[in-house]
Amino acid sequence: MPDPRSDDPQTSAKRYAILIVDDEPSLCDILAQILDGYQVTTVKNGSEAVQILEDTPFQMVITDLMMPQVDGFTVLVTAKQANPKTDVLVLTGYPSLENERRCRALGCTDILAKPFAVTAIRSRVEACLRSHTLTAAT
Numbered sequence: 001m002p003d004p005r006s007d008d009p010q011t012s013a014k015r016y017a018i019l020i021v022d023d024e025p026s027l028c029d030i031l032a033q034i035l036d037g038y039q040v041t042t043v044k045n046g047s048e049a050v051q052i053l054e055d056t057p058f059q060m061v062i063t064d065l066m067m068p069q070v071d072g073f074t075v076l077v078t079a080k081q082a083n084p085k086t087d088v089l090v091l092t093g094y095p096s097l098e099n100e101r102r103c104r105a106l107g108c109t110d111i112l113a114k115p116f117a118v119t120a121i122r123s124r125v126e127a128c129l130r131s132h133t134l135t136a137a138t
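Heads up, the sequence shown is in my numbering, so the first residue is 1 and it goes up one at a time.
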C-alpha cells in the first residue's frame, strides 16, 4: 500500500481530489482532460457544487466566477466552510480589481483570467499539490 505521505508526484496526484465548476460544459471537459491523472469531478453549476461540497471532501476547487443562480463567490465560501485547507482557484472572463480583492478576502488561492494557458492551470494545481504534500509530511 502506498504511503499517503509519499513524495512521488504521480502517487500524490492520484489521491488529489479536484472539483471543477463551470456552466460551460466544454470548459469542464477541457479542464478534466488537462488534469488527467487527478481525481476530477465536474459539475455544471454552482448549485451542484454547493451540494457536493457539503458531503465530499476536495483538496482543490476550480470554479468559474460568473454563473447563473449560484456564483463562484458562493462556491468559494462553501468550499472554505467545508474545509478551510481546500485550495480554490477562481476562473473569470471578467477580471477586475474588485472581484480579485473580494475573492482574496474570501480565501481563494489564486485567480486566473479566461482565456488561460494550459500550462497555467497545470502549474497552479501542481503548486497546490506540492503544498499539500509538504503539509501532510510535517
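Derived from the structure by calculation, the hints contain no laboratory data.
Watch out, some of these pointers could steer you wrong.
Stated by the list, open to error - In silico DSSO-like links for lysine-lysine, alpha-carbon gap of 27 angstroms or less:
{"id": "1", "residue 1": "80", "residue 2": "44"}
{"id": "2", "residue 1": "14", "residue 2": "85"}
{"id": "3", "residue 1": "44", "residue 2": "114"}
{"id": "4", "residue 1": "114", "residue 2": "85"}
{"id": "5", "residue 1": "80", "residue 2": "14"}
{"id": "6", "residue 1": "14", "residue 2": "44"}
{"id": "7", "residue 1": "44", "residue 2": "85"}
{"id": "8", "residue 1": "114", "residue 2": "80"}
Unchecked claim - Beta-carbon label-pair distances, calculated as ranges:
{"id": "9", "residue 1": "126", "residue 2": "51", "range": "24 to 30 angstroms"}
{"id": "10", "residue 1": "15", "residue 2": "69", "range": "29 to 35 angstroms"}
{"id": "11", "residue 1": "25", "residue 2": "84", "range": "15 to 21 angstroms"}
{"id": "12", "residue 1": "37", "residue 2": "68", "range": "30 to 36 angstroms"}
{"id": "13", "residue 1": "117", "residue 2": "51", "range": "28 to 34 angstroms"}
{"id": "14", "residue 1": "81", "residue 2": "122", "range": "26 to 32 angstroms"}
{"id": "15", "residue 1": "30", "residue 2": "94", "range": "18 to 24 angstroms"}
{"id": "16", "residue 1": "69", "residue 2": "114", "range": "17 to 23 angstroms"}
{"id": "17", "residue 1": "17", "residue 2": "44", "range": "31 to 37 angstroms"}
{"id": "18", "residue 1": "77", "residue 2": "44", "range": "26 to 32 angstroms"}
{"id": "19", "residue 1": "39", "residue 2": "98", "range": "30 to 36 angstroms"}
{"id": "20", "residue 1": "25", "residue 2": "104", "range": "16 to 22 angstroms"}
{"id": "21", "residue 1": "94", "residue 2": "117", "range": "15 to 21 angstroms"}
Here the structure is a predicted model, which is why all the values come from computation and not from measurement.
Beta carbons: idealized from backbone N, C-alpha and C, even for Gly.
Do the hints match the structure? See the list:
1. Distance restraint check for residue 80 and residue 44: the Cα-Cα separation of roughly 20 angstroms lies within the 27 angstroms cut-off, and the hinted pair is therefore satisfied.
2. With a C-alpha separation of about 18 angstroms, the suggested pairing of residue 14 with residue 85 holds against the 27 angstroms cut-off.
3. Annotation: proposed proximity of residue 44 to residue 114 holds, straight-line Cα distance about 17 angstroms (limit 27 angstroms).
4. Under the criterion of a C-alpha separation no larger than 27 angstroms, the hint pairing residue 114 with residue 85 is consistent with the structure, at around 25 angstroms.
5. Note on residue 80 and residue 14: the hinted pairing holds, with a Cα-Cα distance of about 22 angstroms set against a maximum of 27 angstroms.
6. At most 27 angstroms may separate the alpha-carbon atoms for a hinted pair to count; residue 14 and residue 44 meet this at roughly 23 angstroms.
7. Taking the CA atoms of residue 44 and residue 85, the gap is about 23 angstroms. The hint holds against a cut of 27 angstroms.
8. In summary, the hint linking residue 114 to residue 80 is supported, as the alpha carbons are separated by about 23 angstroms, within the 27 angstroms threshold.
9. Here the CB-CB span from residue 126 to residue 51 is close to 28 angstroms, well matched to the stated 24 to 30 angstroms.
10. The hint said 29 to 35 angstroms for the Cβ distance between residue 15 and residue 69, and at roughly 32 angstroms that hint holds.
11. Distance hint check for residue 25 and residue 84: the Cβ-Cβ separation is about 30 angstroms, which falls outside the suggested range of 15 to 21 angstroms.
12. The hinted window of 30 to 36 angstroms between residue 37 and residue 68 holds, with their beta carbons roughly 31 angstroms apart.
13. At about 31 angstroms, the CB distance of residue 117 to residue 51 agrees with the hint of 28 to 34 angstroms.
14. Between residue 81 and residue 122 the beta carbons are some 28 angstroms apart, a value that agrees with the proposed interval 26 to 32 angstroms.
15. For the hinted restraint 18 to 24 angstroms between residue 30 and residue 94, the CB-CB distance of approximately 19 angstroms keeps it satisfied.
16. Evaluation of the 17 to 23 angstroms hint for residue 69 and residue 114 yields a pass: the beta carbon distance comes to about 20 angstroms.
17. A C-beta distance of roughly 18 angstroms is found between residue 17 and residue 44, which places it outside the suggested range of 31 to 37 angstroms.
18. One distance hint, 26 to 32 angstroms for the beta-carbon pair residue 77 and residue 44, is violated here, with the actual separation near 19 angstroms.
19. A hinted range of 30 to 36 angstroms holds for the C-beta pair residue 39 and residue 98, which are about 34 angstroms apart.
20. In this structure, residue 25 and residue 104 break the distance hint of 16 to 22 angstroms, their C-beta atoms being roughly 28 angstroms apart.
21. Judged by the Cβ atoms, the range 15 to 21 angstroms given for residue 94 and residue 117 holds: they are separated by roughly 19 angstroms.
In summary, the numbered hints that this structure violates are 11, 17, 18, 20.
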